[in-house]
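A.B. asks: Sequences listed follow chains A and B, in order.
According to our numbering, the residues represented by the first sequence are 1 to 166, in order.
According to our numbering, the residues represented by the second sequence are 1001 to 1365, in order.
A couple of the hints might just be wrong.
Chain B regions said to be covered by chain A (calculated; three or more residues, Cβ under 8 Å) [unchecked claim]:
| # | segment |
| --- | --- |
| 1 | 1002 to 1010 |
| 2 | 1039 to 1052 |
| 3 | 1067 to 1078 |
Result set (SDA-like, lysine to any residue): computed pairs, CA atoms no more than 25 Å apart in a straight line [stated by the list, open to error]:
| # | chain 1 | residue 1 | chain 2 | residue 2 |
| --- | --- | --- | --- | --- |
| 4 | A | Lys148 | B | Gly1290 |
| 5 | A | Lys148 | B | Asp1005 |
| 6 | A | Lys148 | A | Glu127 |
| 7 | A | Lys148 | B | Ser1096 |
On the chain A side, residues computed to face chain B include the following (Cβ under 7 Å) [stated by the list, open to error]:
| # | residue |
| --- | --- |
| 8 | Leu60 |
| 9 | Met98 |
| 10 | Asp120 |
| 11 | Gly140 |
Bear in mind the hints are in silico, worked out from the structure with no lab data behind them.
The beta-carbon is built from N, C-alpha and C at its ideal position, and this holds for glycine as well.
Chain by chain, the residues run as shown.
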Amino acid sequence: MRVDWATVYRETYADLVRFLHRKVWDADQARDLAQETFVRALDHDPDNPRAFVFTIAANLARDEARAAVRRKKHLALVKADSRDGSNGTNDDIDAERMALVRQALEQLSERDREALLLWDAGFSYPEIAAQTGLAVGAVGTTLARARKRLVDAMPQTVAGQQQGHG
Amino acid sequence: MEHMDQGTLHAYLDNQMGTGAGPGRQEIEAHLAQCPECRASLEDARCLRDRARGILSESGPRQVAAPPFADVLARAARRPVRRSPGPVVVLAWAASLALAVTAGWFARSVGLRRTQENAAANLVATREPARAPAIEAKPPATQQVAQAAPTHADTGAAEPPVGAAAGAAPTTGAVPQSRPVADVALAEGKGAADTAARKLAEAPQPAAAPPPAAPSPTAAVAAEPAMRRVEPRAIQLTLSQGWVTVSPTEAARRLGGPLATIPGLPSLGTSVSEAEGAVVARTIQVLGPGQTIELTQQRAVAEKRAAAPAPAPAAAAQAGAAPRDTGAGQVTVEWEGFSVSGRALVPQDSLRRLLQRLTAAPPLR
């Protein structure tokens, strides 16, 4: 059966942009990569279109990250800073907090981070396993570790702030 | 049962039990019921999971509106063919260049022969009145003309075959030789002699390489009308079809079947033409800024279907659209018993991809 990419696009786009954003840390670039992901997916007819799309996206983001490193290591950060308040597309994100989350996420191992982001994008354990190469039985352990590291890596002030919110 | 590890607890929280090799839900719940330590661990894990989720939710845009899917299609259509062109394209270039030169050489020979047969000197007189006398005045082979060749052949020399022949002229000026005369005619009679020869080479029936016939000054000019014959006919064909703009529903009615469109792309309108009883529908859709795709749809030719073995059409219908190339910038597919051609200034790959998405036009609201 042929994949209805228009529907997959509608249902997956937002998750995909969020997923990509946590990898490239640039809202415009995340949107651009999300579109590019679907451009590349169109040709294919996978059994699990959603997982397929995220695989492409992860690869694109990885390529992009490598390119970014080559260009300049903290270009995206600088960009994010300069955008603070000035760019409408990023208005709903607190750039400062975002930078903190980014730092915290970057302290995770790549596999832990990937599992965490995929779970957040709505993937099941078997899907995460397929995507990351983990054994299905190891996904729970990986997520447990990733969550703990992420929470531990966030500065105390943020944790306090969060408690204040709740 | 000993205490549960974090992985099991998180899998339980995430409602992903039974996916791995770990204990099942019932087993875990039975244990939790009688183990306060694990219950406490579970609460810790729940807290951790929620905190992590909260942190992640702050790390990206909260509201993401997807742009229209047509943007993706348009982007795919604009995409250059991804396969590395590299040596293949270079070779293709070299091959077509070699072909053009070779064909031009033979075409020129044909032109020479035809001129003799057609006595095309009249054409020269009407077409190039100023130059015709000079050309016609040339005797077939005289020393003077041969000597004049180097100056006149300047333009002609740019073309390898002509140049090769003309190259002999300066050194062997005294030798009565007929070839340079023809070369002068080529260079003089028609400035774009090489272009003419190449155009001829592109004409439907390439010359079958006859040996160079006796030269004639009017060669190039005579060759020209012969190769121009193709274009007017094509134009006439288009003009003779009257196109009437209709609604998609009306187009479908006239076609006697669904109207093919590419979903997600805005339509600029549909028109139909009925020539010799055959209904042709044409729909133009927008691919992107300043870019359109033209879909031409008509009943698949009956005799072709009859000629095909019985299982073939069924298989084609099952597979959906089976693309088949019919030329540059155009792809034709079989769709719902129709033959649908798409034309757009996009790579063949993209065009094919677009045509795989054909669906029936939705009724107007």
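A.B. asks: So, for every hint listed, does it hold in this structure?
C.D. replies: Verification of the hints:
no. : hint                 : verdict
1   : 1002 to 1010         : holds (count 6)
2   : 1039 to 1052         : holds (count 5)
3   : 1067 to 1078         : holds (count 7)
4   : A:Lys148 / B:Gly1290 : violated, 52 Å
5   : A:Lys148 / B:Asp1005 : holds, 14 Å
6   : A:Lys148 / A:Glu127  : holds, 22 Å
7   : A:Lys148 / B:Ser1096 : violated, 65 Å
8   : Leu60                : violated, 14 Å
9   : Met98                : holds, 6 Å
10  : Asp120               : holds, 5 Å
11  : Gly140               : holds, 3 Å
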